[in-house]
Amino acid sequence: MAVIESFITYKMKKDRSVIIIGAGIGGIATALYLAKKGFKVEVYEKNATPGGRCGQLIREGHRFDLGATIFLMPNVYRKIFDSWGLKLEECFETIPLHTIYTLYFEDDTRIGFTTNLNQMQSQLEDIEPGSFNRFLNYIASGYKKYTLAFNNLIGRNFYNIFEFASFRNVLLLLKLKTYLRHVRYAGRFFKNDHLKKAFTFQNIYVGQNPLKAPALFIMIPAAELVEGSMAIKGGMYGLVSKLCSLAGDLGVKFFYNFPVEKIETGKNKVKGVVLKNGEKKDADIVVANADLPYVCRELLADKRFSRRAERMRYTCSAIVFHWGLKKVYPQLGHHSVFLSDKYHDNLILIFKKKSLSGEPSFYVHAPVRSDPDAAPAGHDTLSVIIPAGHIDSRFEQDWVKLKDDARKSVIARLARAGLTDLEKNIKFEISYLPGTWKNMFNLSRGATFGSLNHNIMQMGYFRPHNQHKRYSNLFFAGGSTHPGNGVPLVLMSARLTSERILKMTGD
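So in this note's numbering, spot 396 of the sequence shown is number 385, and the numbers just go up one at a time.
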């Protein structure tokens, strides 16, 4: 009898259909989780290839990661892969990055953000005598907060307000220093302005203002230095390719160039989706991996949430240059960060005026340093990412002019770093503006980093939930829902969304 019951249960799950809107990391990972449980899964993607902002671009033998480029928090990836019965290092060819990135300041100060403590000690003591021991305390404090946050706040579902607003969690939020700004907390450990910037700028990874982010986000630099980082052969898109392959082996079907026009709704449940070509697709469960505010505004006509979303805070956007170059520039490591002397003014322009400085801070990705296949032999591939304001109707911007001014500044700054003949060696250039992100990935306001920001009232239970309040079989996975943006959190979003689905279906 037990065998018959198991077969019937498996057959019911196999017949249960799931449609996922969007083949971003969150959508693919959710598909993999559900397919492993026997669900029939179809993924509909508006673009020609998977990955979303973790996609890739190839031109003339040069390979570019479109969005995410830094492989951070490897232990999160390991736990996710463990949950699939896989070992991360067995799935990819990885290259450890002992120097995660190099920070460049205008006065020629450089800091190699490295896991080598002897090197860190030498660098920090040269800049601020006595700072190394405080650095150790800072990182220890940050990693403790990282562990507490992931175990109790970020890595779990909250099914009601009482689970979140418990006495224990109130104490937790105090321990996590959510009431204190990160820059002020860093000031308890470092007096030198370069060091304060070096250990707080990482908030920009998730599109936050480093001047206003809560001290909880000390966990980002702490996780970098405790867990280290690595590069994946094939770039971050290698992760996308592997997940698609694993999902495909389990029967997941991917449909590209198939944008969804509408989510069909009933009284308290959704019925399926309508594709842009007019075709209807029924499903027992729908998971939206597309940007959540966009889904509720355009696909669901959820006026209540859309009004709420208009009042929410959004991440910044980015202007990006992808350059195919005729020669290699060994002056740059795999990851480089250039911080402007106008750092504070830049952040005010980005987050308050929704604009961009003519002398911006920026990040450079040079994948050839770890993966020669990222460019033809003897050539180089560089991506420059410049944080910029998101699209806001209250602040009309001439984005083309802002882009051109920023480009001149970037090339001049790189020339001072030794790339004196860079411009004449650019074979081709591809640039992205805030409007590009909005149109290509349906990102509300062109907010590149997952749309919704991470202030304390947009985290945990207060962040949009992974399950729709009215339509019980509609779920969300991705950067705009719980727990947040950045590839590690999006993978966790897929796990948490899948947990909700399995709880609902009794699996």
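I should point out that these hints are in silico values taken from the structure, not numbers from a laboratory.
Just so you know, even glycine gets a beta-carbon here, dropped at the ideal spot from N, CA and C.
Accuracy of the hints is not assured; some may be wrong.
[To be verified] Below, simulated DSSO-like cross-link-like pairs (lysine-lysine); rule was C-alpha separation at most 27 Å, straight line: (1) Lys341 <-> Lys166; (2) Lys427 <-> Lys492; (3) Lys342 <-> Lys331.
[As the list claims (entries may be wrong)] Restraint-style ranges between C-beta atoms, simulated for each label pair: (4) Ile337 <-> Glu418: 41 to 51 Å; (5) Gly347 <-> Ser234: 22 to 32 Å; (6) Asn428 <-> Lys341: 47 to 57 Å; (7) Phe156 <-> Val389: 22 to 32 Å; (8) Ser111 <-> Glu418: 30 to 40 Å; (9) Ala129 <-> Leu46: 34 to 44 Å; (10) Lys76 <-> Val389: 30 to 40 Å; (11) Ser72 <-> Asn149: 17 to 27 Å; (12) Lys242 <-> Lys76: 41 to 51 Å; (13) Arg302 <-> Glu418: 27 to 37 Å; (14) Asp71 <-> Thr494: 35 to 45 Å; (15) Phe156 <-> Asn64: 26 to 36 Å.
Checked hints:
1. Lys341 <-> Lys166: The hint holds at about 24 Å.
2. Lys427 <-> Lys492: Not satisfied, since the Cα-Cα distance of roughly 34 Å exceeds 27 Å.
3. Lys342 <-> Lys331: holds, 15 Å
4. Ile337 <-> Glu418: 41 to 51 Å: violated, 29 Å
5. Gly347 <-> Ser234: 22 to 32 Å: Cβ of Gly347 to Cβ of Ser234: about 45 Å, so the range 22 to 32 Å is violated.
6. Asn428 <-> Lys341: 47 to 57 Å: The hint (47 to 57 Å, Cβ to Cβ) is violated, given that Asn428 and Lys341 are roughly 25 Å apart.
7. Phe156 <-> Val389: 22 to 32 Å: violated, 54 Å
8. Ser111 <-> Glu418: 30 to 40 Å: The hint (30 to 40 Å, Cβ to Cβ) holds, given that Ser111 and Glu418 are roughly 38 Å apart.
9. Ala129 <-> Leu46: 34 to 44 Å: holds, 40 Å
10. Lys76 <-> Val389: 30 to 40 Å: violated, 47 Å
11. Ser72 <-> Asn149: 17 to 27 Å: Check passed, 25 Å falls within 17 to 27 Å.
12. Lys242 <-> Lys76: 41 to 51 Å: Since Lys242 and Lys76 have Cβ atoms about 27 Å apart, the given range 41 to 51 Å is violated.
13. Arg302 <-> Glu418: 27 to 37 Å: The hint (27 to 37 Å, Cβ to Cβ) holds, given that Arg302 and Glu418 are roughly 32 Å apart.
14. Asp71 <-> Thr494: 35 to 45 Å: violated, 23 Å
15. Phe156 <-> Asn64: 26 to 36 Å: holds, 29 Å
This entry does not satisfy hints 2, 4, 5, 6, 7, 10, 12, 14, going by the numbered hints stated previously.
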